[in-house]
Amino acid sequence: MSDLGETRWVFPRWTNQLRVVVGVLLVVVPLYLVVLLGYGASPKTTDVGYAPEQPVPYSHALHVGQLGLDCRYCHTTVEQAAEAAVPPTQTCMNCHARVRAASPKLLSVRESYATGLPIPWVRVHDLPDYVYFDHSAHVRRGVGCVSCHGRVDTMEVVRQVEPLSMGWCLDCHRNPEPHLRPPELATSMDWVPPEDPEVYGKRLRQQLGIRPSTECWTCHR
Amino acid sequence: MPKALTYTLVILAALALIPLALIARARVTTSSVPRLHLIGDMDTQPYLKAQAANPLFADGRAMRMPVPGTVARGSLMEPEVATGRDGNGWLEVIPVPLTRELMARGRERYDIFCAPCHGYSGYGDGVVNRRAERLQEGTWTPVASFHTETARSRPAGYIYNAITHGVRTMPPYGGQIPVLDRWAIVAYVKALQRSQHASLADVPPEVRMELQARMQGHDGTR
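Protein chains in written order, with our numbering: chain A, 1 to 221; chain B, 222 to 443.
Worth flagging that the hints you see were computed from the coordinates, not collected in a lab.
All values reported here derive from a predicted model rather than from experimental measurement.
Careful: at least some of the hints might be erroneous.
Stated by the list, open to error - Straight-line distance between alpha carbons at most 30 Å, and here's what the computed DSS-like set of lysine-lysine pairs gives:
#: 1; chain 1: B; residue 1: Lys270; chain 2: A; residue 2: Lys105
#: 2; chain 1: A; residue 1: Lys44; chain 2: A; residue 2: Lys202
#: 3; chain 1: A; residue 1: Lys44; chain 2: B; residue 2: Lys270
With the hints as constraints, model all of the structure from the sequences given.
Right, here's the structure in full:
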């Protein structure tokens with residue numbers, strides 16, 4: 001007891017440095033947390049790159065990229081409806097009743113065709129439930145499939161390539177010009193504007209009378 | 222400062238980089254795991270979107286099939302238009318007004334739905350047909366050309382019915398192509414057939430002279 005003396009209750013000299021350390025940490029730690037949250041919870045981190053495993057190893061790279069099928073051969077509703085419907089099993093069987101008819105990869109397709117039960121395809125692009133989105137409104141006004149879905153014709157497994165966040169939607173609603181094309185070429189995967197996209201888009205925008213709304217109720221109704 | 226404290230701070234600083242590195246990696250790789258939303262808000266609400274699953278029904282579909290024998294509102298039409306035949310058999314004439322727009326629509330729809338097998342010009346040389354032959358599929362029946370005598374003699378109603386219900390090994394396309402689009406395709410197929418069997422007499426007189434001159438320039442052969 002006595003050899004410790006009064007010094008036992010006195011802060012050692014090095015604690016002076018601790019003040020500086022604590023001061024720095026008070027600034028750095030909140031900053032770090034903000035960066036971590038902003039970077040980590042951004043839709044570019046949480047949503048982009050989602051590529052669920054599908055019940056059938058269907059390859060868009062083969063069907064669209066190699067064979068050149070139009071998007072609308074399967075997603076028939078995209079020009080009239082809000083949903084770009086996933087095709088019924090009948091559409092697969094149009095060809096696969098006779099082409100690769102015995103392939104083990106197509107087992108669940110044949111099963112679905114025989115039983116009438118749907119194939120449990122996994123939805124890749126899913127907007128929050130409080131968002132109203134209409135495919136037909138975009139496709140018929142000259143926003144190509146590629147603008148939101150990327151080069152699906154090169155994908156063996158479909159993945160989400162754009163964040164589909166509100167900010168991302170608004171970017172285009174405020175400045176649609178670089179994303180416009182003649183509506184009849186909406187499904188073309190490799191279309192490039194014949195001139196500067198801004199100039200071309202501006203003309204197209206005037207021609208087609210494109211006035212995208214940025215009001216809240218446009219998407220939240 | 223005690224060494225232990227210094228080391229702890231350095232180690233913590235190094236560890237703090239790991240989440241950042243993981244996030245950077247997540248941004249450039251794909252993942253089959255469903256997305257993680259830190260703040261769920263009302264992203265997922267207890268209502269069912271189109272084509273969603275619903276275990277309440279025996280078939281697991283949230284959407285219901287149309288009741289057999291019923292017609293959806295606004296879809297009622299003349300029986301001739303819907304079936305492609307009247308009391309005397311197949312319609313010879315397309316029962317909807319033929320316009321330039323209908324023809325253009327027919328071409329677009331033909332290129333989407335028919336060209337994969339029938340080919341863009343209707344010779345049965347579509348990309349699916351070629352692939353099936355390359356794969357030597359025993360179950361594949363080569364696609365017939367639209368330009369044979371038999372095919373050219375088919376009435377409009379017959380072609381319409383073939384699109385709607387399929388014919389021989391061709392599957393039905395009624396589910397994929399709405400009625401008006403089917404008639405547009407019929408119009409375009411008829412035009413395709415005509416285009417492949419056109420004679421000089423089909424050419425308007427003012428162009429005929431020019432065409433004749435050109436053909437002579439090529440020794441009269443095509």
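Tested hints:
1. Lys270/B / Lys105/A: With Cα atoms ~28 Å apart, lysine 270/B and lysine 105/A stay inside 30 Å; holds.
2. Lys44/A / Lys202/A: holds (28 Å)
3. Lys44/A / Lys270/B: holds (24 Å)
Consistency note: the structure conflicts with none of the earlier hints.
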